[in-house]
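Enquirer: Listed below are the residues making up each chain.
Number of protein chains: 4
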Amino acid sequence: MKILLAAFDPFGGEAINPALEAIKQVKSKIEGYVVVKVKIPTVFHRSIKVLTEKIQETEPSIILVVGQAGGRPQISVERVGINLDDARIPDNEGNQPVDEKIIPGGPEAYFSNLPIKAMTNSIRRAGIPAAVSNTAGTFVCNHILYGLLDHIHREKPQARGGFIHVPYIPAQVTDKPGQASMALEDITKALEAALRAAVLNKKDILREEGSLH
Amino acid sequence: MKILLAAFDPFGGEAINPALEAIKQVKSKIEGYVVVKVKIPTVFHRSIKVLTEKIQETEPSIILVVGQAGGRPQISVERVGINLDDARIPDNEGNQPVDEKIIPGGPEAYFSNLPIKAMTNSIRRAGIPAAVSNTAGTFVCNHILYGLLDHIHREKPQARGGFIHVPYIPAQVTDKPGQASMALEDITKALEAALRAAVLNKKDILREEGSLH
Amino acid sequence: MKILLAAFDPFGGEAINPALEAIKQVKSKIEGYVVVKVKIPTVFHRSIKVLTEKIQETEPSIILVVGQAGGRPQISVERVGINLDDARIPDNEGNQPVDEKIIPGGPEAYFSNLPIKAMTNSIRRAGIPAAVSNTAGTFVCNHILYGLLDHIHREKPQARGGFIHVPYIPAQVTDKPGQASMALEDITKALEAALRAAVLNKKDILREEGSLH
Amino acid sequence: MKILLAAFDPFGGEAINPALEAIKQVKSKIEGYVVVKVKIPTVFHRSIKVLTEKIQETEPSIILVVGQAGGRPQISVERVGINLDDARIPDNEGNQPVDEKIIPGGPEAYFSNLPIKAMTNSIRRAGIPAAVSNTAGTFVCNHILYGLLDHIHREKPQARGGFIHVPYIPAQVTDKPGQASMALEDITKALEAALRAAVLNKKDILREEGSLH
Chain A
2 MKILLAAFDP
12 FGGEAINPAL
22 EAIKQVKSKI
32 EGYVVVKVKI
42 PTVFHRSIKV
52 LTEKIQETEP
62 SIILVVGQAG
72 GRPQISVERV
82 GINLDDARIP
92 DNEGNQPVDE
102 KIIPGGPEAY
112 FSNLPIKAMT
122 NSIRRAGIPA
132 AVSNTAGTFV
142 CNHILYGLLD
152 HIHREKPQAR
162 GGFIHVPYIP
172 AQVTDKPGQA
182 SMALEDITKA
192 LEAALRAAVL
202 NKKDILREEG
212 SLH
Chain B
2 MKILLAAFDP
12 FGGEAINPAL
22 EAIKQVKSKI
32 EGYVVVKVKI
42 PTVFHRSIKV
52 LTEKIQETEP
62 SIILVVGQAG
72 GRPQISVERV
82 GINLDDARIP
92 DNEGNQPVDE
102 KIIPGGPEAY
112 FSNLPIKAMT
122 NSIRRAGIPA
132 AVSNTAGTFV
142 CNHILYGLLD
152 HIHREKPQAR
162 GGFIHVPYIP
172 AQVTDKPGQA
182 SMALEDITKA
192 LEAALRAAVL
202 NKKDILREEG
212 SLH
Chain C
2 MKILLAAFDP
12 FGGEAINPAL
22 EAIKQVKSKI
32 EGYVVVKVKI
42 PTVFHRSIKV
52 LTEKIQETEP
62 SIILVVGQAG
72 GRPQISVERV
82 GINLDDARIP
92 DNEGNQPVDE
102 KIIPGGPEAY
112 FSNLPIKAMT
122 NSIRRAGIPA
132 AVSNTAGTFV
142 CNHILYGLLD
152 HIHREKPQAR
162 GGFIHVPYIP
172 AQVTDKPGQA
182 SMALEDITKA
192 LEAALRAAVL
202 NKKDILREEG
212 SLH
Chain D
2 MKILLAAFDP
12 FGGEAINPAL
22 EAIKQVKSKI
32 EGYVVVKVKI
42 PTVFHRSIKV
52 LTEKIQETEP
62 SIILVVGQAG
72 GRPQISVERV
82 GINLDDARIP
92 DNEGNQPVDE
102 KIIPGGPEAY
112 FSNLPIKAMT
122 NSIRRAGIPA
132 AVSNTAGTFV
142 CNHILYGLLD
152 HIHREKPQAR
162 GGFIHVPYIP
172 AQVTDKPGQA
182 SMALEDITKA
192 LEAALRAAVL
202 NKKDILREEG
212 SLH
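Residue numbers (the working numbering), protein chains in the order written: chain A, 2 to 214; chain B, 2 to 214; chain C, 2 to 214; chain D, 2 to 214.
Isolated chain A, as found in the complex (with noise of 0.2 Å):
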């Protein structure tokens, strides 16, 4: 029984990604399953290509995938990922695109299989703030979550997938006033609470957790 957890590297300026900060911090056994992780690159499709490599050579029964949300106060369980690039920035390799279908003829969106409400309650009761999100944005965190859930419905259905976004470290924003940021050993601790609930919830707990707009 496998995890596999994966996090961008860094993008948009930054010296580091929480996400990948994090993941290295996350104890390599959860609830009984091995955690493998994987480093995947903020490029449009390779970074789906090299997910779903990892994912054919390791078998895994949930994978995560963890980027990083630059000013948002809490941990975001993203619900859903949508068949859409629209880059505000060009991702590491200069790609840009500009309302481009990730899966030509795929779905329009697919729902992350894992229990996300199950997760977000399990971070909170971990003493951490969390919320469900309807957006992981149109950039590469949309991308893997959409190519990862496009993967898992083609060719590995028995499989659970999906994205959690995370916030800055303090020291990404002491030179960017007014932004919120979170400890690395919180989001570590998040990040190990949200995979617990993965593993013990085969179905979703029923909770509003929903938004008005």
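Quick caveat, the hints were computed from the structure, so don't treat them as lab data. Among the hints, a few may not be true.
Any copy will do: because identical chains look the same in the list, a pair fits if it lies in one copy or spans two.
Simulated crosslink set (DSBU-like; lysine-lysine; CA at most 35 Å straight-line) [said to hold, decoys possible]: (1) Lys-177 with Lys-204; (2) Lys-203 with Lys-177; (3) Lys-177 with Lys-157; (4) Lys-50 with Lys-102; (5) Lys-204 with Lys-30.
Keep in mind the model is a prediction, meaning the values are calculated, not measured.
Guided by the hints, dock chains B, C and D onto chain A, whose structure is given.
Expert: Just chains B, C and D now, kept in the frame of chain A:
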């Protein structure tokens, strides 16, 4: 040639809905199109019924629904509706669906087929802040957007439809410290600018309007 | 009986200053008082000189200065000016004082002797969001407030003076994602409501309008 | 050579006060100075009494008071205390003064005589976001800052004193959507960095840290 312009009645304890007040002010002819207006109830499913009956009756080529996004500082042109209700508060008839499909068996999402970027930029050129939004939430606004696009997809493939979220008006926030607002006159101007762009642009413009997360 | 209503010229790269545009629209008579208007330069010290010369010339009983607080979503009625300049950007003549006293030997601060709470509540009753603010910053807005109150204290003890910060107008934020704004008409109405209250309330009302931090 | 480090007990319905938890963790010796710690009540006037008695007893050369600023994302080093109470909520003994002078006949304000910019920059160099703040509000935090500086001014002119506002810790915001927080360990590190700078800088550094408004 007709535009159907719809807005919700007040909800969530508010005495007015700025969306509804604004559509009343929108002029009755835009770029040669007659603008037909309809109030829809802030009620899951019945809102879709009222809207689609009005579509059957008026045969519009453009359908735009408008709703309140309390707290957002700018006009938001919504990109996508997802097949999911998750209500943080009850609707105006006491329904509070949690994690229910809007249309069981329907696709996970529909993208608006209005020219959302042309509309966003038309609003900005009218001097009013606007943004493309990648989530309409999980309450009745997303519900009606999904329901509208499903109806178009299945029954009116020539029609084009979408959703715009508008801020509170100033009078709504005199007792809500720190909340942004927008004058009703500016919301009205924004809707007219958006509808002009919708009429004039059969295809959307290609221009980056993405979100990193 | 006269009111002197002053506003800064544009600064910080903006083409307009909403404070200046708004005072132009304010009516010329309020509750029987003649409203005299003056533009003051966004320049340390010279702004105080221009204002106090105009006070000598017009002998107003009420002096209200208005400035832009870009990003604030509501009208802010300032409570206090402190004896300190600390400029984040240069003023319109290139001066950038850091930790300099405005008036060496002057008191550390002056409280506005206008009825700030009556003014705040009058603005709200006009349907426009308003708050008492406990800091006017450390740029020219605080500078003129302190300089004005010092002048009143030393030379015109019968006069009453204060400062109001106003939001951006919508046209200023079409290229500033996420920033709040307020229509020029509403800013104008707010200033008129504030001046009415200033004329009608020789003493302020007693009403909690504090901040926890 | 002693530092007196003070913090408020919990208030406003919170079970803990992160300021108090953090000072407990601060080490007992910093740059050769012994750190004496004291809890002060969130009560108007009695807080000043408890603090000044402790000053008389311990004869510190540096006094730093720490309080919670729920919602601020960074450490705030306060620049100034004003002679005014305006309580939005009652204190822990039910007092809710509105527009009362803290010390009748006292000066309108006191500036902290600690090196606030050296402290702010020392915190940042420790990897934690920090800012100079120009208002400590109008509740007990401003009250104690003003009271402390008045005491220093009148009775202990050799001593230096100031105030630091700290964010919520993560566990306080799991039920407060959208609120920023900071790990207790980082708040503690920030206080130690600030105290180091206070000991090492008899005079403040000259560096722009101002606010436009």
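Enquirer: Please name the hints from earlier in the document that this structure breaks, with their numbers sorted from lowest to highest.
Expert: 3
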